[in-house]
Amino acid sequence: MSLVIKVMQQVLLAALFSLSPIVAQENTIKLISKKNTTSVFMLPNVSELPENTLRIYLTFSESMAYGQVRENIQLKDKNGNLLSNSFLNLGIELWDPMQRRLTLFFDPGRIKRGVGPNIYYGPPLKKGNDYILTVSALMKNAKGVKLFEDFNFLFSVGDPIRDQINIHDWKIIKPKYGTSDSLNIEFTRILDIGNAKRMINIVDHKEKKINGRINYDGEVWKFYPEVPWNSNKIFLHVNPKIEDISGNSIVGKFDKKQSKEIKNSTKNKIIEINIFNEREI
Amino acid sequence: MTKLLFLKKNYFYIIIFFLSFLFLNNSFANTVTLKSAGALAFDNKNTLFVGDQKSGLVHAFELDKKILNDQSDYVFGRAQTFEGRTISYDLTKDIGELLKVPSSEIIINDIVVHKPTKQIFLSAHNSKGPEAEGFIIKLDNGNLNLVDLSFAKHTTQSIGTVSANAKLEFGQNLSSFAITDVDYYEGELFVAGVSNEEFSSKLRRFAYPFNNNYSVSSTEIWHAVHAQFETRAPIITQTITEINGEATLIAVYACTPIVTIPLSEIKDGALVRGKTVGELGFGNTPIDIINYTNLWDGSDNFLITNTNRSATQIPFNALVNAEEMPNGEGVKPLFAVGGVAQYQIPLTGVLHLDTIDETYAITVRQSSVDTGVLELHSIPMPMFFDRSDHIVEMNWPNGPDPFGYNSAPKLTFN
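Chains A and B are the protein sequences, given in the same order. Numbering of the first sequence is given in the working numbering, commencing with residue -10 and proceeding in unit increments. Numbering of the second sequence is given in the working numbering, commencing with residue 22 and proceeding in unit increments.
If you are wondering where the hints come from, they were derived from the structure by calculation, not from laboratory data. Just to be clear, a hint being listed does not mean it is correct.
To be verified - Here are the computed lysine-lysine pairs in the BS3-like style, where the Cα-Cα straight-line distance is at most 30 Å:
hint	chain 1	residue 1	chain 2	residue 2
1	A	Lys132	B	Lys56
2	A	Lys135	B	Lys121
3	B	Lys56	A	Lys135
4	A	Lys132	B	Lys121
5	A	Lys230	B	Lys56
6	B	Lys114	A	Lys135
7	B	Lys296	A	Lys230
8	A	Lys129	B	Lys288
9	A	Lys242	B	Lys288
10	A	Lys230	B	Lys114
11	A	Lys116	A	Lys230
Unchecked claim - Derived Cβ-Cβ restraints for the label pairs, each shown as a range:
hint	chain 1	residue 1	chain 2	residue 2	range
12	A	Ile108	B	Met404	52 to 62 Å
13	A	Glu208	B	Pro230	48 to 58 Å
14	A	Val240	B	Ser285	51 to 61 Å
15	A	Gly69	B	Thr176	48 to 58 Å
16	B	Asn265	A	Ile108	32 to 42 Å
17	A	Gly69	B	Pro123	45 to 55 Å
All residues carry an ideal CB built from backbone N, CA and C; glycine is no exception.
Using the sequences and the accompanying hints, generate a full structural model.
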């Protein structure tokens, strides 16, 4: 029985990998042929990242050991040449509490235009180029077992995102009343994966939070309600601090010009969007 | 019926028996477990603060004589001849034995000295996996001992980072806030950290004893390397001191500016613009900042340890009188060290540092023999120089001895 489950798991993993354009194909084949089934994914799971990408995530199918990021996670050009000083070295590693998701910050000094490291070294990612993010086979899980092989994530780099997030640009695809269909949002840019799952909430006409599951890997944001949609009017509550992949939020740009004024515009205000009109139901 | 009653009575006794065990456990066993133990600080008395990022808490433990022991008789070296003392040659191995796990699982997170007793405390984890628990370890005459925190009066303060919306589709909490530093100053605690889902400079300020009121402010800093205002760099290490009669936070940011911020400006919701007085240089990350008095000349100083550079010493007076670094339009970016006067101190490979007194500092550092091994080693101040770490002629037999080191009796430790 357990063998059947294992085979099914591997088939499922193979299916996942085949859907994922950023996972090198060789991994898929070897993953199935070996017993170790630890998988690694890069988020966002897209083929092209903006030039000024500030933050990405790596998720692991099991808990990993702390303290080995600097040695084992590297950015390379498409020919496999190591690109040093791409990531911000904070001295600490930014894992989620289960140590399955790792946050990687690109060096913000190299991303901001016209500033020292940006002028001197240029941005870590350059438009028009392809890159490989490698998670070394030497990376150990929480039990001290190494990954069976390098994981390589290939992506290309496109235009930077320099302006603030505008929620009016979002295309909202409404579900039908009484169904459990997902409510979908198509953003015009890649939002930060962590932010997009935490900072967009759906409430009903009584301001009560609607519970559900959010799927977002950089493409379409999907919310699946726990119970079928039963409110005529629902609202999206978007935290204005929500950031895109380049650190721009609703209230400000990451790549901000110097200003003499200090404005405290980051107070948590709620932005409401009327999703359902009663006459549409 | 009687039989049934008898059985019920027996059940009752059995339940009471087991309940009594529960009660005993709660009363006498170590009931304090830390989900994580990171940044450490002491107040001016006997309260140890422990940053616990996994719980989103700062713990305060009021230590008493059951835990605190005077270490004044312990010899940390001989400063006159620039000799420190290696207290543990393999700290992760020694702590591993204490916590009954392999040394490869040990993570040492911080070190702090209780100044009145000169007793050294360390925070450590017993695993590199997510199930790790936090422990506090102390030194008694050079021996590592686990601190039984159940002997201390314990209070906690939420750092307000675990958001109500943080539970995601599979119920897991993915957002975290790594506490990078905790500092106590006159009845208040200042907590700096880094979020794994935003790039921010938020500083949390709490009253102690804790009263559940706290403020969160963001600092906007002039960044000489970036040559423009940088609003959101996280603070890696900080210390608080009085400058011209005003309590001031000296903060060292991830992208290496040194910034002064008067505490009076750090209010809830405030966006504060700190005064950038120095720049530690690109391609480097600061680890710790401490203040110390140079006994040779009576001067006050700051010492900053770095990942990629040797340590930096900044005279207190230089910092007080430092001009704000030029900012605004037309200022060219600065790549090198700049601003306030800085002096290199030959201190590398130091992961954690605190002063024991005015003569010695304690370090968790890479062994000079094997950089993969961590040792607990005291270093004579104010030069932070240990003669044995360096290849100098004076160390050779029959070598020159201008300062009379070789004529000093061989150092033996208690």
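Hint numbers contradicted by this structure
Hint check: 8, 10, 12, 14, 17 fail, others pass.
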